[in-house]
Amino acid sequence: MENEQNISSQESASAEAQSAAPSTQPAPAVDVILASGSPRRRELLEREGVEFTVRVSEVDETLEPDLLADPPEVAKKLAERKAGAVVQEVLSGDYTGMAAVLGADTMVVCEGEIFGKPVSLSDAKRMLRRLAGTTHEVITAVSVWLVAAPEPDQVSLGFRTFVDSAAVTFHELSDDQIVEYLRKGESFDKAGAYAVQGAGADLVKHVQGDLDTVIGLPVKRLLEEFPDLKTSLA
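All letters in the sequence shown, in the order written, are residues 1 to 234 by the working numbering.
Hint data in this document are derived by calculation from the structure and do not stem from the laboratory. A portion of the hints provided could be inaccurate.
Computed spacing ranges between beta-carbons, pair by pair [said to hold, decoys possible]:
1) 112 / 179: 42 to 52 Å
2) 184 / 97: 40 to 50 Å
3) 73 / 189: 46 to 56 Å
4) 150 / 209: 35 to 45 Å
5) 220 / 154: 47 to 57 Å
6) 94 / 201: 39 to 49 Å
7) 97 / 64: 32 to 42 Å
In silico SDA-like links for lysine to any residue, alpha-carbon gap of 20 Å or less [stated by the list, open to error]:
8) 117 / 69
9) 184 / 122
10) 125 / 209
11) 117 / 188
12) 220 / 209
13) 184 / 220
Backbone N, C-alpha and C define an ideal beta-carbon position, used for all residues, glycine too.
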(Lines of atoms letter the chains of each structure in order from A and count residues from 1; the text may use other names and numbers.)
(Lines give C-alpha, C1' and ligand atoms only; values in the text may rest on other atoms or scores of the structure.)
Protein backbone atom coordinates (compact mmCIF):
# COMPACT_ATOMS: atom_id res chain seq x y z
CA MET A 1 0.00 0.00 0.00
CA GLU A 2 1.49 3.32 -0.98
CA ASN A 3 0.65 6.99 -1.12
CA GLU A 4 2.70 9.16 -3.41
CA GLN A 5 2.20 12.83 -4.10
CA ASN A 6 4.02 15.91 -5.27
CA ILE A 7 3.02 18.69 -2.88
CA SER A 8 4.43 21.85 -4.38
CA SER A 9 7.03 23.19 -6.75
CA GLN A 10 7.75 26.89 -6.80
CA GLU A 11 10.17 26.51 -9.67
CA SER A 12 9.76 23.61 -12.12
CA ALA A 13 12.52 22.34 -14.33
CA SER A 14 12.46 23.35 -17.97
CA ALA A 15 12.03 20.81 -20.76
CA GLU A 16 15.60 21.50 -21.79
CA ALA A 17 16.92 20.69 -18.33
CA GLN A 18 14.92 17.48 -18.20
CA SER A 19 16.42 16.29 -21.48
CA ALA A 20 19.97 17.36 -20.71
CA ALA A 21 22.74 14.81 -20.35
CA PRO A 22 23.35 13.55 -16.80
CA SER A 23 25.80 15.62 -14.80
CA THR A 24 29.18 14.16 -13.98
CA GLN A 25 29.12 15.91 -10.61
CA PRO A 26 28.22 13.78 -7.57
CA ALA A 27 24.68 14.01 -6.30
CA PRO A 28 24.24 16.42 -3.40
CA ALA A 29 24.15 14.91 0.06
CA VAL A 30 20.73 14.32 1.55
CA ASP A 31 20.05 15.49 5.10
CA VAL A 32 18.15 12.58 6.63
CA ILE A 33 15.82 13.68 9.43
CA LEU A 34 13.98 11.17 11.60
CA ALA A 35 10.67 12.65 12.73
CA SER A 36 10.45 10.33 15.72
CA GLY A 37 11.78 10.22 19.23
CA SER A 38 11.71 6.42 19.31
CA PRO A 39 15.05 4.96 20.41
CA ARG A 40 14.14 1.72 18.59
CA ARG A 41 13.85 3.51 15.25
CA ARG A 42 17.13 5.30 15.86
CA GLU A 43 18.85 1.99 16.58
CA LEU A 44 17.49 0.41 13.40
CA LEU A 45 18.76 3.27 11.22
CA GLU A 46 22.13 3.24 12.97
CA ARG A 47 22.40 -0.52 12.46
CA GLU A 48 22.11 0.01 8.70
CA GLY A 49 24.70 2.80 8.64
CA VAL A 50 22.32 5.68 7.96
CA GLU A 51 23.50 9.07 9.17
CA PHE A 52 20.61 11.19 10.42
CA THR A 53 19.39 13.76 12.88
CA VAL A 54 16.28 13.56 15.05
CA ARG A 55 13.60 16.21 15.06
CA VAL A 56 10.22 15.63 16.68
CA SER A 57 7.14 17.80 16.43
CA GLU A 58 3.97 17.35 18.44
CA VAL A 59 1.03 16.47 16.22
CA ASP A 60 -2.66 15.86 16.78
CA GLU A 61 -3.22 12.11 16.40
CA THR A 62 -7.02 12.23 16.50
CA LEU A 63 -8.70 10.85 13.40
CA GLU A 64 -12.18 10.61 11.98
CA PRO A 65 -14.09 7.65 13.47
CA ASP A 66 -14.85 6.12 10.07
CA LEU A 67 -11.13 5.97 9.29
CA LEU A 68 -10.48 3.74 12.31
CA ALA A 69 -12.04 0.83 10.44
CA ASP A 70 -9.02 0.87 8.08
CA PRO A 71 -5.88 0.44 10.27
CA PRO A 72 -3.34 0.63 7.40
CA GLU A 73 -4.85 3.93 6.30
CA VAL A 74 -4.77 5.19 9.88
CA ALA A 75 -1.06 4.33 10.16
CA LYS A 76 -0.32 6.07 6.85
CA LYS A 77 -2.16 9.23 7.84
CA LEU A 78 -0.34 9.44 11.16
CA ALA A 79 3.08 8.78 9.61
CA GLU A 80 2.42 11.50 7.03
CA ARG A 81 1.22 13.89 9.70
CA LYS A 82 4.33 13.37 11.83
CA ALA A 83 6.73 13.85 8.93
CA GLY A 84 4.77 16.77 7.47
CA ALA A 85 4.89 18.68 10.75
CA VAL A 86 8.69 18.40 10.84
CA VAL A 87 8.94 19.45 7.20
CA GLN A 88 7.01 22.63 8.02
CA GLU A 89 9.37 23.39 10.88
CA VAL A 90 12.45 22.78 8.73
CA LEU A 91 11.22 25.05 5.93
CA SER A 92 10.21 27.77 8.37
CA GLY A 93 13.90 28.19 9.18
CA ASP A 94 14.92 29.21 5.61
CA TYR A 95 16.38 25.78 4.94
CA THR A 96 18.51 25.20 1.85
CA GLY A 97 19.69 21.83 0.56
CA MET A 98 18.28 18.37 0.01
CA ALA A 99 16.45 16.63 2.83
CA ALA A 100 14.51 13.43 3.44
CA VAL A 101 12.20 13.53 6.44
CA LEU A 102 11.08 10.14 7.77
CA GLY A 103 7.85 9.74 9.69
CA ALA A 104 6.58 6.41 11.00
CA ASP A 105 3.67 4.99 12.93
CA THR A 106 3.29 1.48 14.34
CA MET A 107 0.10 -0.11 15.58
CA VAL A 108 -1.07 -3.50 16.78
CA VAL A 109 -4.35 -4.78 15.37
CA CYS A 110 -6.21 -7.63 17.06
CA GLU A 111 -9.49 -8.83 15.59
CA GLY A 112 -10.03 -5.45 13.95
CA GLU A 113 -9.28 -3.42 17.09
CA ILE A 114 -6.34 -1.03 17.05
CA PHE A 115 -4.14 -1.32 20.13
CA GLY A 116 -2.12 1.81 20.71
CA LYS A 117 0.01 2.59 23.74
CA PRO A 118 -1.76 1.59 26.96
CA VAL A 119 -3.06 4.45 29.05
CA SER A 120 -2.93 2.56 32.36
CA LEU A 121 -1.78 -0.67 33.97
CA SER A 122 -5.24 -2.17 33.62
CA ASP A 123 -5.32 -1.18 29.94
CA ALA A 124 -1.97 -2.89 29.35
CA LYS A 125 -3.20 -6.01 31.13
CA ARG A 126 -6.36 -6.01 28.99
CA MET A 127 -4.31 -5.84 25.81
CA LEU A 128 -1.98 -8.67 26.78
CA ARG A 129 -4.89 -10.88 27.80
CA ARG A 130 -6.44 -10.31 24.38
CA LEU A 131 -3.19 -11.05 22.58
CA ALA A 132 -2.35 -14.19 24.56
CA GLY A 133 -2.64 -17.38 22.55
CA THR A 134 -3.67 -15.56 19.37
CA THR A 135 -2.13 -14.16 16.19
CA HIS A 136 -2.36 -10.42 15.64
CA GLU A 137 -1.10 -8.00 13.01
CA VAL A 138 1.53 -5.33 13.50
CA ILE A 139 1.41 -2.51 10.96
CA THR A 140 4.15 0.06 10.43
CA ALA A 141 3.65 2.90 7.99
CA VAL A 142 6.63 4.94 6.79
CA SER A 143 6.26 8.32 5.10
CA VAL A 144 9.29 9.80 3.36
CA TRP A 145 9.09 13.49 2.46
CA LEU A 146 11.70 14.70 -0.03
CA VAL A 147 12.66 18.37 0.08
CA ALA A 148 14.73 20.21 -2.53
CA ALA A 149 15.48 23.82 -1.63
CA PRO A 150 18.37 25.37 -3.59
CA GLU A 151 17.20 28.70 -2.19
CA PRO A 152 14.80 29.43 0.69
CA ASP A 153 12.18 30.71 -1.75
CA GLN A 154 12.65 27.85 -4.26
CA VAL A 155 11.19 24.69 -2.77
CA SER A 156 10.14 21.42 -4.37
CA LEU A 157 8.40 18.96 -2.08
CA GLY A 158 6.93 15.49 -2.46
CA PHE A 159 6.26 12.44 -0.40
CA ARG A 160 5.71 8.70 -0.64
CA THR A 161 4.20 6.48 2.05
CA PHE A 162 4.22 2.71 2.31
CA VAL A 163 2.89 0.18 4.80
CA ASP A 164 4.54 -3.03 5.93
CA SER A 165 2.89 -5.64 8.15
CA ALA A 166 3.83 -8.74 10.10
CA ALA A 167 1.81 -11.43 11.88
CA VAL A 168 2.78 -12.06 15.51
CA THR A 169 1.63 -15.13 17.43
CA PHE A 170 1.71 -15.05 21.23
CA HIS A 171 2.13 -17.97 23.60
CA GLU A 172 -0.73 -18.77 25.93
CA LEU A 173 -0.19 -16.56 28.97
CA SER A 174 -1.46 -16.88 32.51
CA ASP A 175 -2.42 -13.82 34.53
CA ASP A 176 0.69 -14.38 36.65
CA GLN A 177 2.89 -14.31 33.55
CA ILE A 178 1.23 -11.12 32.36
CA VAL A 179 1.67 -9.44 35.73
CA GLU A 180 5.31 -10.51 35.85
CA TYR A 181 5.92 -9.01 32.42
CA LEU A 182 4.17 -5.76 33.34
CA ARG A 183 6.48 -5.43 36.34
CA LYS A 184 9.38 -5.06 33.91
CA GLY A 185 8.02 -1.64 32.99
CA GLU A 186 8.52 -1.73 29.22
CA SER A 187 4.83 -1.80 28.25
CA PHE A 188 3.73 1.78 28.59
CA ASP A 189 5.27 3.43 25.55
CA LYS A 190 4.69 0.45 23.23
CA ALA A 191 1.76 -0.24 20.94
CA GLY A 192 0.04 -3.38 22.16
CA ALA A 193 1.78 -3.09 25.55
CA TYR A 194 4.82 -5.20 24.62
CA ALA A 195 8.33 -4.78 23.23
CA VAL A 196 9.39 -7.62 20.96
CA GLN A 197 13.00 -6.39 21.09
CA GLY A 198 12.98 -6.57 24.89
CA ALA A 199 11.61 -8.94 27.51
CA GLY A 200 8.43 -9.09 25.43
CA ALA A 201 10.24 -11.50 23.12
CA ASP A 202 9.42 -14.20 25.68
CA LEU A 203 5.72 -13.63 25.05
CA VAL A 204 6.08 -14.26 21.32
CA LYS A 205 5.84 -17.72 19.81
CA HIS A 206 6.32 -16.79 16.16
CA VAL A 207 6.71 -13.79 13.86
CA GLN A 208 5.76 -14.06 10.21
CA GLY A 209 7.26 -11.11 8.40
CA ASP A 210 10.02 -8.62 9.09
CA LEU A 211 10.88 -8.33 12.78
CA ASP A 212 11.93 -4.71 12.18
CA THR A 213 8.33 -3.93 11.20
CA VAL A 214 7.22 -5.15 14.62
CA ILE A 215 9.95 -3.12 16.32
CA GLY A 216 8.83 0.01 14.50
CA LEU A 217 10.68 0.61 11.22
CA PRO A 218 11.07 -1.78 8.24
CA VAL A 219 14.46 -0.27 7.52
CA LYS A 220 15.58 -2.77 4.87
CA ARG A 221 12.53 -2.08 2.74
CA LEU A 222 13.00 1.64 3.37
CA LEU A 223 16.54 1.51 2.00
CA GLU A 224 15.50 -0.64 -0.96
CA GLU A 225 12.99 2.02 -1.98
CA PHE A 226 15.18 5.00 -1.01
CA PRO A 227 18.84 3.84 -1.37
CA ASP A 228 20.14 7.43 -1.28
CA LEU A 229 19.25 7.64 2.41
CA LYS A 230 22.31 5.51 3.05
CA THR A 231 24.69 6.14 0.17
CA SER A 232 24.39 9.92 -0.04
CA LEU A 233 26.01 10.41 3.34
CA ALA A 234 28.55 7.58 3.14
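Here is what the structure says about each hint:
1. 112 / 179: 42 to 52 Å: Distance hint for residue 112, residue 179 is violated at roughly 27 Å.
2. 184 / 97: 40 to 50 Å: The hint (40 to 50 Å, Cβ to Cβ) holds, given that residue 184 and residue 97 are roughly 43 Å apart.
3. 73 / 189: 46 to 56 Å: 24 Å, violated
4. 150 / 209: 35 to 45 Å: 40 Å, holds
5. 220 / 154: 47 to 57 Å: 34 Å, violated
6. 94 / 201: 39 to 49 Å: 46 Å, holds
7. 97 / 64: 32 to 42 Å: 36 Å, holds
8. 117 / 69: Roughly 18 Å between the alpha carbons, so the hint for residue 117 and residue 69 holds.
9. 184 / 122: Cα-Cα ~15 Å, so holds.
10. 125 / 209: Violated, because 26 Å separates the two Cα atoms, which is more than 20 Å.
11. 117 / 188: This hinted pair holds, its Cα atoms lying about 6 Å apart.
12. 220 / 209: Holds - the C-alpha atoms of residue 209 and residue 220 are around 12 Å apart, at most 20 Å.
13. 184 / 220: 30 Å, violated
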